[in-house]
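Just so it is clear: in the sequence shown, position 71 is 913 by the working numbering, and no numbers are missing.
Some clues are possibly wrong.
Simulated pairs of lysine-lysine, BS3-like, Cα-Cα distance not exceeding 27 Å [to be verified]:
hint, residue 1, residue 2
1, K847, K893
2, K1087, K1029
3, K926, K910
4, K893, K910
5, K1087, K1141
6, K926, K946
7, K1078, K1141
8, K847, K910
9, K910, K1029
10, K926, K1029
11, K847, K1029
Quick caveat, the hints were computed from the structure, so don't treat them as lab data.
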Amino acid sequence: MSYEKPFAGLSVLDLSQGFAGPYCAELLAQHGADVTKVEPPEGDWARGLGKVYGDQSSISMAANRGKKSIVLDLKNEDGLAVAKDLAGRCDVLIEGFRPGVCAKFGLAYGDVYEVNPGVIYLSVSGFGQTGPYAGRPATDTVLQSFSGLMSINRGQDGIPHRVGHYIVDCVTALYAFQALSSALYAKRNQSEGRFIDCNLMQAAAALQTSCIADYHLEGGIPSTHNAPAGSYVTQKGYIAITLVKEAQFLQLCQALGSPALASDPRYGTFASRAAHMDTLGPTIQDILMRHTAEEWTEKLSEAGVLCQPVAEHGDWVDDIHVVATGAVQMMSQPGMGVIPIPQIPGTEPIDPDDPRQQAPGLGHHSREILECLGYVGDRIDALMSGGAVR
843 MSYEKPFAGL SVLDLSQGFA GPYCAELLAQ HGADVTKVEP PEGDWARGLG
893 KVYGDQSSIS MAANRGKKSI VLDLKNEDGL AVAKDLAGRC DVLIEGFRPG
943 VCAKFGLAYG DVYEVNPGVI YLSVSGFGQT GPYAGRPATD TVLQSFSGLM
993 SINRGQDGIP HRVGHYIVDC VTALYAFQAL SSALYAKRNQ SEGRFIDCNL
1043 MQAAAALQTS CIADYHLEGG IPSTHNAPAG SYVTQKGYIA ITLVKEAQFL
1093 QLCQALGSPA LASDPRYGTF ASRAAHMDTL GPTIQDILMR HTAEEWTEKL
1143 SEAGVLCQPV AEHGDWVDDI HVVATGAVQM MSQPGMGVIP IPQIPGTEPI
1193 DPDDPRQQAP GLGHHSREIL ECLGYVGDRI DALMSGGAVR
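Produce the entire structure from the sequences given, and follow the hints as far as they go.
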């Protein structure tokens, strides 16, 4: 155990699929934990989410780096027995099945507690373990819509849009990692483990705490913040502009070459500008079409206006600041070649040549994991030939 690898020696059993549960387990792995990923014979469904390279997608790769993979058929009595063996020896168990499914397998918290009372057991689900929606199927998009996140992400067309990434899954993983880390810290003075319920519904709402409060306080959809902040099209590319102080509107108007806008009574405050964005927004948009995003960034930055050209991911990877600070490293991943991996904040830089950093192939470590459990050659061969293990 060290500051660099605080969870070294921690044994984690990851029974989850998709992104939220697996990414939480991957964060534990990046902090030193020994994570065993259990997959069904067809593999974690995230392996086929999007374009597939080799035997997995970029989503699967991002959520499962640094783990060991074993394929177990939980519908096979012998495969389930191996899973229970693993559950009886782990420090942390993460599952992402619909509520009630683990109980059918005999892997619910109560079942595991009987043989492993010190286990910290994390259940990741869409709507939680109880309540009228507990059994509902849920995805990132469903929860973006359910939580109100899409309602505050409207495009120029006025239509609510999904954030173009698995943002709810990601933030659920972060909250789950936080809850597990806190529980592991508290367990220094405890003999028993605990059950943790972390679900997408609550995580999506927690991410938007101030927005939910604003809706309540204002009696409906809250007024626009920091008007005329937003993204605008230019002669070439888009630019994002924001303001955090009233005085910055005058700076913006001067940089745009239209100081008269600042003296217009309709645009005197954030609130009044928000109320008159139907006229202010198009006026600013027309002016911004006179130059490119890069040219406007130079002009506006000199005037003290907060702005940034809207970049693509490739722009970020190649940016001189990103490269200079080591915020991205190039890692070799089977089936994908050499790919950029952003540095996880607060962790030590990875060794991009260390194969242990890679996401595992389906069942790549099955035999190794069984051997560590004490299974011998003939027994392992029988499990594999019988379909319990792949």
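Consistency of the hints with the structure:
In summary, the hint linking K847 to K893 is not supported, as the alpha carbons are separated by about 33 Å, beyond the 27 Å threshold. Annotation: proposed proximity of K1087 to K1029 is violated, straight-line Cα distance about 45 Å (limit 27 Å). Note on K926 and K910: the hinted pairing holds, with a Cα-Cα distance of about 17 Å set against a maximum of 27 Å. Of the supplied pair hints, the one linking K893 and K910 holds, its CA atoms being roughly 23 Å apart against a limit of 27 Å.
In summary, the hint linking K1087 to K1141 is supported, as the alpha carbons are separated by about 19 Å, within the 27 Å threshold. Distance check on the hinted pair: K926 and K946 sit about 13 Å apart at the alpha-carbon level, within 27 Å; holds. Annotation: proposed proximity of K1078 to K1141 holds, straight-line Cα distance about 15 Å (limit 27 Å). A distance of roughly 17 Å separates the Cα atoms of K847 and K910; the hinted pair therefore holds under the 27 Å criterion.
At roughly 25 Å between alpha-carbon atoms, K910 and K1029 fall within 27 Å of each other, so this suggested pair holds. Between K926 and K1029 the alpha-carbon distance is near 23 Å, which keeps this suggested pair within the 27 Å criterion. Straight-line distance between C-alpha atoms of K847 and K1029 comes to about 18 Å, which keeps the hinted pair within the 27 Å bound.
When each numbered hint is compared with the structure, violations occur for hints 1 and 2.
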